[in-house]
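Once you've looked at the hints, dock chain E against the given chain A.
Going down the list, the sequences are from chains A and E.
In terms of this note's numbering, the first sequence has 50 at position 50, counting the first letter as 1, and numbering is strictly consecutive.
In terms of this note's numbering, the second sequence has 422 at position 422, counting the first letter as 1, and numbering is strictly consecutive.
None of these hints come from the bench; they were simulated from the model.
From the three backbone atoms N, C-alpha and C, an ideal C-beta is built for every residue, glycine too.
Please note that a few of the clues may not be correct.
[Said to hold, decoys possible] Some, not all, of what chain A presents toward chain E, calculated at C-beta under 7 angstroms:
1) Arg31
2) Leu65
3) Val66
4) Ser67
5) Ala73
6) His77
7) Lys98
8) Pro102
9) Gly293
10) Glu295
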Amino acid sequence: MRSRLWVLLTACLAACAETQPSKQSDVNTRRVIGVSVLTLTNPFFKVIGESLREVAAAEGYEVILVSGENDVARQQHQVQDFIVQRVAAIVLCPCDSKAIGPAIGEANEAGIPVFTADIACLAPGVKVVSHIATDNYGGGRQAALAMIEALGEAGGKVVIIDYKQVESCIQRVKGFKEVIAEHNRSTSSGRIEIVAELPGDGQKDKGYRAAEDALQAHPDLAGIFAINDPSALGARAALEKAGKADQVKLIGFDGQPEGKRAIKEGKIYADPIQYPDRIGRETARAILRYFRGEEVEPEILIPTGLYRQADALEDPELK
Amino acid sequence: MRSWQVVHRGLALLAVDYGMSLVLLVVAVGFSVATLQEQPADGPEGGRQLARLLARRYPTGGRVVVVARETQADAAFAQALADGLAGSPIEVAAEVRGRPAELRHVLERLSAAPERIDALAVHPAVARWPLLQELPGEFPSLRHVEVLVPRSHVWPSFLKADNLLNIANQIAVIAIMAVGMTMVVIAGGIDLSVGSLMALAAVVATRLIRDLAGAEQAGAWQMAACCVAAMAICGLMGLFSGMITTFAGIPAFIATLAMMLVASGLAYMTAEGESIYELPEVFVWLGRGADLAGIPNAVVLMLLLYAAAQVLMTRTVAGRYIYAVGGNREAARLAGVPVERVTVLVYVACGVLAGLGGVVMASQLKSGAPTYGQMYELYVIAAVVVGGTSLSGGEGQMIGTLLGALLIAVIQNGMNLTGVESYQQKVVLGSVILAAVLIDRWKRRLWQRV
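Chain E on its own, in the form it takes in the complex:
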């Protein structure tokens, strides 16, 4: 074997095992470069930095006005600045905390007062207010006043910790639903009803909480029971889809298409066409809380589900049955696999997980509406297919689906960050899905030839 063949084989192996992660990496690097921009120092660090800057600028003392907004981050900034200035000869003449209108009031007062002001020490977000840039024009007596802002550093917006958590949180719902879809697709089926089922679960759960569990006064266990009931209803719908595909021999595409319409109609009926929002504040715990080291609860739930599904698919008899049914139904039957039971059960699992997705979304939005989940079945299927699961069944991996979902979320987030507009976003997303599938096909051929 010649040396290039060795290299080639190595690359092919790499592509087969890590193809999607490589694509993801390339996209992430691309967006990091594209979103490279100056990040203002707007937390406590910015306050300390500004205090040092002021101390150097006015070593013999001066009078400054501190300006920040009303948020918690701004409060930390102002506090750090005040601490940094404590003991120095610089005097804080006034501290403005609020909107541009409040700053204008203070500036009007200051421009009329006889005492001299040396500088405005402002939060980076405040520095962008046109009011400050028009200072000399609007307040001639404050002409000499300097505006001091902490220095910014260059870093990709895409790679900021809160953006990465955003991405994970945004994909949680689709990724959770994609677990069930992966099982269905590996078993050789398809489920178009997941989007409607999630809307149904969202309205059933919120309606139960509103009508039976005492609306805003509902307790945690009552809410959990309502959510489980909603998921169970979705499981029943999944059971029904599974039964008609298996026993009546109707193609899954048609059976679940019908179920999609039925579930959507039921969701509208349950919600009476409106959104249900009379929910307790703690209902958002699942979708928006972050109890484990700042990781959102929905993301923790998603990761646990993927871990469980990975074990189920690779280490248990049930998992092997699912692959067998999708790979060759007849052979599986002859080998003694309970084909019907396996098929029905994957649809039940898919329904329950779609219901869970609906519950998470209701929690994220603190309301349930029948309009949720439109087109989500397509995003979910896209995540599964981009993740390398074959639509003809018998092939695929949970981890691939997670990467596929992540790729879609990263692309959507990155396009929002780079300011790509809605029309173009659709084109790009569609092309990327196509490209990912083509690369997948290409790498399979490569693998077969090696």
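The following block holds chain A by itself, in its conformation from the complex:
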């Protein structure tokens, strides 16, 4: 019995000794960036974190990457722990645009600059140095160009499957509608008429239902713009069920792997795609510029790129 107790005690001590001390470099040169993203289960945020690390590491910064896992209280604790570690800068993809306010306020009080990537902070009274995100408005404009290209001379009726609760999706629809309106003013042939905007909540099942309803109301529908890949794929399922997959051209958004594969198979005509790697790299560069004493813009927008079937056929990720 006594020997077992000793085994346990030694094991405990060994465990203590084994917890390796964190890098004990000179505090005056050790520079750490604390990053807390929305969730690491979505590859989008993992790519943001990893590309940020890549650029920052080249300049001698160490990056601690954690995830709030959609729990803003946990994210607040992570920010508090970053402050105790006296990190040089904090990067957040907030789990809640409003409730993250107090945590950013604490970082402000501690004099640590805060940057947001992809998701903005909407809480009043707190300071964010810069917000780095996709240019959703520009992306919406690209989606409209793709739609004009897909419908060609014929033009026709188009339905938008939107998500009005989310700011980024509102911007996408705004850009889309503006370009369509410009197009209609400038040509007489191939006019495009937006006949309805239906809620899709960015989800497959809602997108499916919205597309079904749209087909009932407008049997001669020519195109659908869905504000993200899941709702576009839902719409695609409805088109296939109704046997109108060839008649209706589909434009998505995002460029998630599933969406890209659908583009490769010709199920979606094209996507304006987001570049999480560029968001991560630009965030790292904004931090480096801030510490070099340059003025950093309060908002840095990363343009989307139009991704068609030809791009998908060349894409090494899909092979």
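Leaving out everything else, chain E in the frame of chain A:
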């Protein structure tokens, strides 16, 4: 009895009474060692130290530029430095208070000016700005300028006062909810709905304040009434769970699982799927204020609740009834314990305390959202079980739960401080919970054999 038996018995007693505190101590020592690092002197002490350093370095006088950021701590640093230099031959040529961009402007001006600058006296956080390390390259005329920083001392980040307060504050919500859960588990039940109930309480309280108490203009008493109403609703939900487990004979696991879904749905409906943030500034008093000697109010509340619960469980008839119901339901009934009433009441208490947890969290985050509290039921149950309460009922102590909650918080905080990433954190936390329970089981066997 041979001498080793005496020692052994002593150790066993120690393990039984203080097992969890020993584990906690070992973990705390481990993290202290792991987070041992140089701590810069960044308050007034740093300023005074730097003033002495400057006086020794330039005994005949010199011109220095003081650089600090815009925070209050930096202001104290700069003030102490200025006070220390008063009356000495050293002249402060300029004082920069702000971002790297402001420092660059000043450096540009200085490099163009004819007067010589001897040194930059900088706050430790400023010393890490690459701008200062690239000084000779970027501003050749400032090549000879020295950068002086106060010396740092070595101390574990884990043991810094503000980190210890952080831990206490971070665990307050889970620990408060764990009080109710401990009672339920000791009474032989389980409540899976606490996470959803806390989200419900957070949105009900914030919605009432926004819609009925005048949003940002709400008074303290009105807010208190809204919070009490939210807790009462959670108490009602607890009452319902208690009734269906007791009178309909449905297992607590199923009844509270259903209640978890109902409460979560109600929270989304109440908040209309969004977060509610139109709240007065004073609403954060409960979650973020610290009125008593710098101890956060949420922590004071937590300690008071544990003290009250400890008394209730060990010194009152009600407490003994709870243990009796969990230990042997039939025997308790035959002994005249009102088994049904006791069971229902512990679920009510658990609901109310989950509601209180939700109110504290809403206050900490200055908003209420239906997404709060996901998976919290599991953390709460983990705290209870790690604290030595038996899931089969009839056994356990409040103080154990507090230690269990503390252990979980310490491990999470320590992993954040040592830079362990999210994926590994889950694995470590799970293993620690398992290890704690195994040690608990082992020490019980040990105790029985002695």
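Hints, one by one, checked against the model:
1. Arg31: holds (5 angstroms)
2. Leu65: Where the cut-off is 7 angstroms and the nearest Cβ of chain E is about 6 angstroms from Leu65(A), the hint holds.
3. Val66: This hint holds: Val66(A) lies near chain E, its Cβ roughly 5 angstroms from the closest one there, short of 7 angstroms.
4. Ser67: This interface hint holds because 4 angstroms falls under the 7 angstroms limit.
5. Ala73: holds (6 angstroms)
6. His77: holds (5 angstroms)
7. Lys98: Hint on Lys98(A): holds, closest Cβ of chain E at ~4 angstroms, below 7 angstroms.
8. Pro102: Since chain E brings a Cβ to about 5 angstroms from Pro102(A), closer than 7 angstroms, the hint holds.
9. Gly293: Holds - the Cβ of Gly293(A) comes within 7 angstroms of chain E, reaching about 3 angstroms at its closest.
10. Glu295: At about 5 angstroms, which falls below the 7 angstroms cut-off, the nearest Cβ of chain E leaves the hint on Glu295(A) intact, so it holds.
Of the numbered hints given earlier, the model fails none.
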